[in-house]
Amino acid sequence: MNDPTPSKVDRLSELPRDVRPPHDGWQALEARLRAGGMPESESSVQRRGTTESAWRRRPRMMQVAILAAVLASAAVGISIDRWILSPARQTPPVARVPSSTGAGAGMTVAYVTDPRYLHEREALLRSLDAKLATLPPPTRQKVLQSLATIHQSMQEIQQALGREPGNALLQELLIDTYQDEMQVLSTVQQASGGGGET
Amino acid sequence: MVPAAKSDSIEWEAGLVQRARGGDMRAFERLYREHIGSVYGLCLRLTRDPAAAEDCGQEAFFNAWKALGRFETRSSFGKWLHRIAVNVVLSRRRKASAQREVPLSVDADEEVAEAPGEWTLDTPVEVREIEAAIGTLPDGARDTLVLCGIYGYSHGEAGQMLGVAEGTCKAQLHRARALLRARLGVSAQETR
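Quick note, the sequences are listed as chains C and D, same order.
Going by my numbering, the first sequence runs without a break in its numbering and finishes at 619.
Going by my numbering, the second sequence runs without a break in its numbering and finishes at 1089.
No wet-lab data here; the hints were simulated from the structure.
The structure displayed is predicted, hence computed values, not measured ones.
Mixed in with the good hints, there may be bad ones.
[To be verified] A few chain D residues facing chain C, derived, Cβ under 10 Å: (1) F925; (2) S935; (3) I1031.
[Unchecked claim] Per label pair, the in silico range of CB-to-CB distance: (4) D:G1082 <-> C:Q576: 21 to 29 Å; (5) D:G1082 <-> C:H540: 42 to 50 Å; (6) C:H444 <-> D:G912: 24 to 32 Å.
Cβ coordinates follow ideal geometry from the N, Cα and C atoms, glycine included.
Work out the full structure: start from the sequences and follow the hints.
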């Protein structure tokens, strides 16, 4: 039952990538570049990298740097399976498929059912406010934004799963999103110097 | 196997980059003129504000000039520029949010009719509709949709640019497409 006519949503790639800016900004840019000097050479870039590394070792910035690095590490998808799986890694984080298809928007079916994971998550969420209070405001803001995005994604995916409970991709996405959340929560825990309640 | 034209283009750009690294402003101007449309288009779709997009585009090229020494000439200069441009947009967005200034982009599901560029009589109505609908998406969903849907980046590449996990990127894209379908009044049957 394929529609031979591609829908508007499927035609995004046909939109023009190039958009002509209203003004020619080269002259202004050239003036700025001339005032700013030559591009950095490869060697100076490397030297600066070394300096930055030393700067990052400063104790006061340590927590922020750790947090930023680990938040960024979410981008490369570092697995936190250990939080979810058993020590023997034989019990996968269960993306439980609901037996009925009646669940709709706002359903609260727990797709991730490993008790250790749930316990850990609950503890981290309980202590989150206190841990956040120890972080610098910009970092706190970043964490809250990350968590808000993650929670919104969880809600959307759960709603989609309510409509398509057997959709393996959605189940995988939900697990990924829970893992993202756990990574942020555990990072906050570490960055705030806390041992945690568990 | 890299097509000959593409390979030639990469070599041509690599030559320009090498000259620009040595301070050749004309070489950098060639790179600027070659890529400004794409960079501005990306910034405009991410910011939904022509003035902010121009600023971000200029900032991206300024940062690129300063960092030319880091560019690997065997990779795509366009992709590298896009990465820098996304960084600039996200950085400005964070600053605007922290300072509670007028936001650079739409923060919620508000209806915004504006779309990139200046529409002309030649612009198909359908394109206007799609661009306007994209403009109404929340930031995270729109960022992902623009990078993956329009500019053809993979989930992983877009995630790296946006500083989010690949899984989050997938979820955002799923969400964006669902919202876009709703905005455009496309039924699920029509899309599948």
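Evaluated hints:
Restraint check, D:F925 versus chain C: the minimum CB separation of about 7 Å is within 10 Å; hint holds. Annotation: D:S935 was flagged as interfacial toward chain C, and the flag holds, the nearest CB pair being 5 Å apart, inside 10 Å. Satisfaction of the interface hint for D:I1031 is found here, the shortest Cβ-Cβ separation to chain C being roughly 8 Å, below the 10 Å cut-off. For the hinted restraint 21 to 29 Å between D:G1082 and C:Q576, the CB-CB distance of approximately 23 Å keeps it satisfied.
For the pair D:G1082 and C:H540, the beta carbons lie near 45 Å from each other, so the given range of 42 to 50 Å is met. Range check, C:H444 to D:G912: about 28 Å between beta-carbon atoms, so the 24 to 32 Å window is met.
Comparing the model with each numbered hint stated earlier shows that all of them hold.
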